[in-house]
Structure formats: C-alpha cells, structure tokens
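A.B. asks: From first to last, the protein sequence lines stand for chains G and H. Note that the working numbering has the first sequence beginning at -6, numbered continuously upward. Note that the working numbering has the second sequence beginning at -6, numbered continuously upward.
Incorrect hints may have been included.
Note: identical chains are not told apart, hence a pair may lie in one copy or across any two.
[To be verified] Think about it this way: if two alpha-carbon atoms lie no more than 16 angstroms apart in a straight line, the pair counts; the simulated EDC-like pairs of lysine to aspartate or glutamate are: (1) K158 - E114; (2) K175 - D122; (3) K175 - E54; (4) K167 - E25; (5) K90 - E114; (6) K90 - E107; (7) K67 - D159.
Worth flagging that the hints you see were computed from the coordinates, not collected in a lab. All values derive from a computational prediction rather than experimental measurement.
2 protein chains.
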Amino acid sequence: MISTRDKLIHTTAALIRRKGYFGTGISEVLAEVGVPKGSLYHHFPDGKDELIKAAIQYGGENQMMRYGVALKGKPAIEGLNAMVDVMIDDLLSSDFKDACPITAVAAVASSMDETIRVACEQIFKGWQDDLSGYLLRRGVTNAHQKAQQLYTMFEGAFVLSQAHKDVKFLAIQKTYIPIILKS
Amino acid sequence: MISTRDKLIHTTAALIRRKGYFGTGISEVLAEVGVPKGSLYHHFPDGKDELIKAAIQYGGENQMMRYGVALKGKPAIEGLNAMVDVMIDDLLSSDFKDACPITAVAAVASSMDETIRVACEQIFKGWQDDLSGYLLRRGVTNAHQKAQQLYTMFEGAFVLSQAHKDVKFLAIQKTYIPIILKS
C-alpha cells in the first residue's frame, strides 16, 4: 500500500509539472490526497520546499527510468528516437499538459531558495550523464558533449512543442540525432 | 514620459520572466509602479490576464529586437553567434535570473486561459520566422526548418544554462551552428 508520504510526493510531482512552484498550492495537494494540514509538517518538517524537492527528485527519477526503458538494448539512433517518442507520448496523452517534469520549476528557480535550483540541476545532470554513458557504451566519440547537446535539443523541443501544441519540434529531432552523432 | 500603462507592462514583463504567471502578483506590480489598485482595471479592463498578455508581447518583441540588432548585417554564422551572446549576456548580467522572457509563463500555460498560451506561441513563432527570413536572405537552404532547429537548440540551452548556473550550454551552440547550417 502506498504511504501518505509517497502520495503527497506523487501528487505534488504531477502538479509542479503543470503549474510550477508558485502555481502548486499546499492546500490543493492536501485536498487531493485527502489528509489534514498537519500531515505536511508531519512528513516534511521543513514544509513546502522540502516537499517540492522530494517531488522534483521523484518526478525526475521516474522520467529518467522511462527514458532508460526506451533506450535499453537498442543501437544509439534507435534508442534516441525511442526517447523522443516518450516525450511525444507525454504531450499527446495529456493533451499537451505534461512536458518535462521539472522545467516549470526550473524556469522560476532563481526566485526561490537556491536548494530548489540545485535539485533541478541534479536531475538535468542525471539525465545527461545517463545519456552520456549510453552513448559511450555504443562507441560514440565525444559522448559527453554529444549527450549534453542532444539533451539540450530535446529540452528545447519539449518546451516549444508544448507551447505550440504541436509535436513537430520533437519529431524533427529524429532528423538531427544522426547529424549530431556523426559530428 | 512613460505612461502608467507602459510602466505596468514593463514591470510585469520583468516579473514574469523571473517568476512566471503564478509567481507574479498584481499587488507586487502595483506597488512597484506606485499606483493604486484601481489602476489595473482602468488600463486593463479584463484584469491580470490582459496585463500578462501585454507583458508577454512587450517582453517578447523587446527580445526579438535585441536578437535583430545582434544578427543585423552579419553573415549567418557570425550573426547567430552574436544572437547566442545576447542570451549569455542576459544570464551573466542578471546573475542567472533572466533567461528567455516567456519560458516561465509558457511552461505553465496549459493550466490557464488558452489565450495566454497563444500569446506565447505567437512570440516563439515570431522569433523563428525572423530567423528563417534572416537565413533565407543569406542563401541558406531549407531555411525554415533550420531556423526552427536552431531556435529549439537555443531555447533548450537557455533553460539548461539557467538551471545549471553555467553558460556552457549556450556557448557550445557556437560549435553546432555551422553543423546545422551545413546539414
């Protein structure tokens, strides 16, 4: 059975993905989970920021796992295409509500406690490092820089595809993946 | 002399860039401009959303003009490098507080009135179209698609450089600009 603590984290992760830090109200989280106000401080003594950081980590690692499943056992181009398909599916299955799980928080992180930006940075870095290891194991030269560049392209395409309600920005990455790998 | 209406728009544009839609409070805007609450509805009868849309347009067109100045009269690679330098300067001169003027709103746009997402889309599209015309005038083949891809890379790099407090994600675009142009 899923614990109240985990329910709070999962609900917050879903809300910050759509509304960011400022749009996610603790009262909305508590109402959705169906627990009283005291629950927050019982599970997260430092309050909202501690819960948000746990949600960034949970949402980020969950997405990392989904990218990992997409990449697994495939040659580089095929695996990267499947990773792009995860992002396309996220947008299409949510009517363009769910893009990158942490962008909406990261984009306003300079206005809040520095530890929240650091939590976002660690997730972004984790995704890039996973991709770097994946490319290295497939004999790609300059794997770390290429992983960073591919991830930069995917991140931009995720933002633009959501804003335009059109997955074309993500789909076209499949044209540029081999160009970056060969470069 | 700058009008109260323009002051409200400029102040809101600066705030949404750092805090997004939900983090930008009307009371903060009014206090910063130094006008009473009635001022909002006097100048923006439809309230917060009308002001936010005016701020998206103002901030977006202001940034578009700065990119235009950077690109102007230069060969493609040199102009695009100068455009990247505008973004790097935005981050460095604001201690990483000012990234893309509209990303923080665009990332949460699915949680608010559709007209706000449309306002963001029009700005993103304007930047891409400007870049497309610029490349076309310099004889670049497949200019529209390349402009979209370059803009996607720059957008992702802006988000990641801010989140990492490190301009390396933007700086490395200068390595990939010729690769995309040649592709």
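A.B. asks: Tell me, which hint numbers fail for this structure?
C.D. replies: 2, 3, 4, 7
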